[in-house]
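J.: Given next are the chains, with one letter for each unit.
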Amino acid sequence: MIINVARKELKSMFASPMGWVILSLLMFAFGTQYLNAVNDYFAVMSGAMRPAERTGVTQFVGQSVYGLASFIMLFAVPLLSMRLISEERRSQTLPFLFSAPISLTEIVVGKFLGLVAFLSILIVFIGVMLCTLNIWSDIDFGFLLANSLGLLLMVAGFSALGIYFSGMTQQPVIAAILTFIALFALMMLDRFFAGDPNNILGSLSLMKHFQSFSNGLIDTADIAYFVLFAVTFLTLTVRRLDADRLRG
Amino acid sequence: MNNFTVEAIELTRLYGGREAVSNVSFTLSKGEVLGFLGPNGAGKSTTMKMLTGNLAPSNGSVKICGIDIMENPKEAKALIGYLPEMRPLYKELTVDEYLTMAARLHRVSSKYIKSAVETAKERCGLGHMSKRLIENLSNGYQQRVGIAQAIIHRPMVVILDEPTVGLDPIQIRDIRALIREVGGEHSVIISTHILPEVEMVCDQVQIIDKGRLVFNGSIDVLKRQRIGNKLLIGLHHAPKADELLKINGVSEAEVLPSGLMRVRFEDGAAPAEAIVQTAVQQGWGLYQIAPDQTSLEDVFMQLTYQEQLISPEQSTA
Chain A
1 MIINVARKEL KSMFASPMGW VILSLLMFAF GTQYLNAVND YFAVMSGAMR
51 PAERTGVTQF VGQSVYGLAS FIMLFAVPLL SMRLISEERR SQTLPFLFSA
101 PISLTEIVVG KFLGLVAFLS ILIVFIGVML CTLNIWSDID FGFLLANSLG
151 LLLMVAGFSA LGIYFSGMTQ QPVIAAILTF IALFALMMLD RFFAGDPNNI
201 LGSLSLMKHF QSFSNGLIDT ADIAYFVLFA VTFLTLTVRR LDADRLRG
Chain B
249 MNNFTVEAIE LTRLYGGREA VSNVSFTLSK GEVLGFLGPN GAGKSTTMKM
299 LTGNLAPSNG SVKICGIDIM ENPKEAKALI GYLPEMRPLY KELTVDEYLT
349 MAARLHRVSS KYIKSAVETA KERCGLGHMS KRLIENLSNG YQQRVGIAQA
399 IIHRPMVVIL DEPTVGLDPI QIRDIRALIR EVGGEHSVII STHILPEVEM
449 VCDQVQIIDK GRLVFNGSID VLKRQRIGNK LLIGLHHAPK ADELLKINGV
499 SEAEVLPSGL MRVRFEDGAA PAEAIVQTAV QQGWGLYQIA PDQTSLEDVF
549 MQLTYQEQLI SPEQSTA
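Protein sequence lines, in the order shown, are assigned to chains A and B. The opening position of the first sequence corresponds to residue 1 in the working numbering, with each subsequent residue numbered one higher. The opening position of the second sequence corresponds to residue 249 in the working numbering, with each subsequent residue numbered one higher.
In case anyone wonders, no lab produced these hints; they're calculated from the structure. Computed from a predicted model, the values in this text were never measured in an experiment. Using N, Cα and C, we set each Cβ at its ideal position, and we do this for glycine too. Treat the hints with care, as some may be off.
[What the hints assert, rightly or not] Footprint (simulated), chain B over chain A, 3 or more residues, beta carbon under 8 Å:
#1 1-8
#2 11-17
#3 84-94
#4 97-107
[Claimed, not checked] Some chain B residues near chain A, calculated using beta-carbon distances under 7 Å:
#5 GLU319
#6 PRO332
#7 MET349
#8 ARG355
The whole structure should be built from the sequences, with the hints applied where relevant.
T.: Below, the structure is given as structure tokens:
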């Protein structure tokens, strides 16, 4: 049943040119960054004489592309997630889902998975694009895997937050703005507490937890953080929709 | 086990202390069509939302084929097809895409989805609209898609909130025929404020006013109330009213301002024939004789008006 809701979301994503345009524009941005990074690699490495200054091509290009990807997702996810519930509320299509034999949790999780599936198309494309480095070099696939997983977990967290704000309002634009502000604040948290690495608020920062993935490290604590982050906001969304049914 | 398809037990819904629906109880059996009548804001849509699990009742319960919708929402909802007042259509999809999605969400098994979509389209007269975007369809066709969506999984109970709004007369006729057809196999609840429609398609009628049920019964009861024991007679050379009273069965006769005469007769009497005979014999110049019907509107007004008279007493009690 969750799958059917997810399929519905994907279908409406691709029913309009919107989905295709976003995919192609983002891929264009990532592709350009990739080409630039490869060029830069040669420029930088030819200047680096001592072995300590040298880094692998995977890390150099990978960090550049995944760094841009995580930054762009900060803008892309709110724009994609804003419609999920608010649009349905505005066009009064929610009763269609509410009166079908599916639970609220299935509706919310289905919508979430639909969006994450859409975004993971991008993540897979980025991964494949970086794998083409393997044609003339020996790349570190583990590093790519860690980065892809980190990016996936991060956009999942973004999406969950986006769905929550989308469920709060009838206006998609308001949902997008709220999501963006919340995500931006969470990203910036570790900058504010940079002087105090052990601060609890600082460790709530999304960026801080993405950091270890971008260094090629898969840390269960970071995985747990993103999973909990997504579950928390999905639960809140379910509760918000349930309040609709109770209060009317 | 009784075989009620819908059982509403003392449904009450409060909106901030104000009762939108209060103590509504009724049952519906298989194969019946129930008409829900009432003025604007009477609580028709609220009741329907509660029946379909879109709104939690403040008090009372709803059972669909014996399954409580609060306790087992998924099982109960699988037995319902619902078309809300605002059509829940995804306008960026085509008719086929939308109906396939509806079938899938209502647990039609994947083998039968195609045939379910075809059947629903055929029943709603949407056959030639398959590939059109819902957004580009006319209001009436969008309404048909909404109805198709509600019957696609062959639910036991079909609930339609004002299904004939915005349709042209031919479409209205088709939709009414469809409701009758669906009502043959399943139970149907429709809400409307078009009174003749109720008479045409419904077996059972409920009139709701200010959140209370003021009438609940078979359509025949309402019809009887409306036809009554009255005849309207037009005579060129009208005699005095006393003359008419001599005819067997006539209990009362009065002359109306329009020049016609209204004759009341006793229950069970059928004086029409005798009146015609007498009129011919006496040369009254009979040119018109017809049963005098109170319009359904009048009955409706009476019922909702009576309620207003009763309610002050109830509030003191």
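J.: For a quick check of understanding: which of the numbered hints are violated here, in increasing order?
T.: Going through the list in order, the structure violates hint 5 alone and respects the others.
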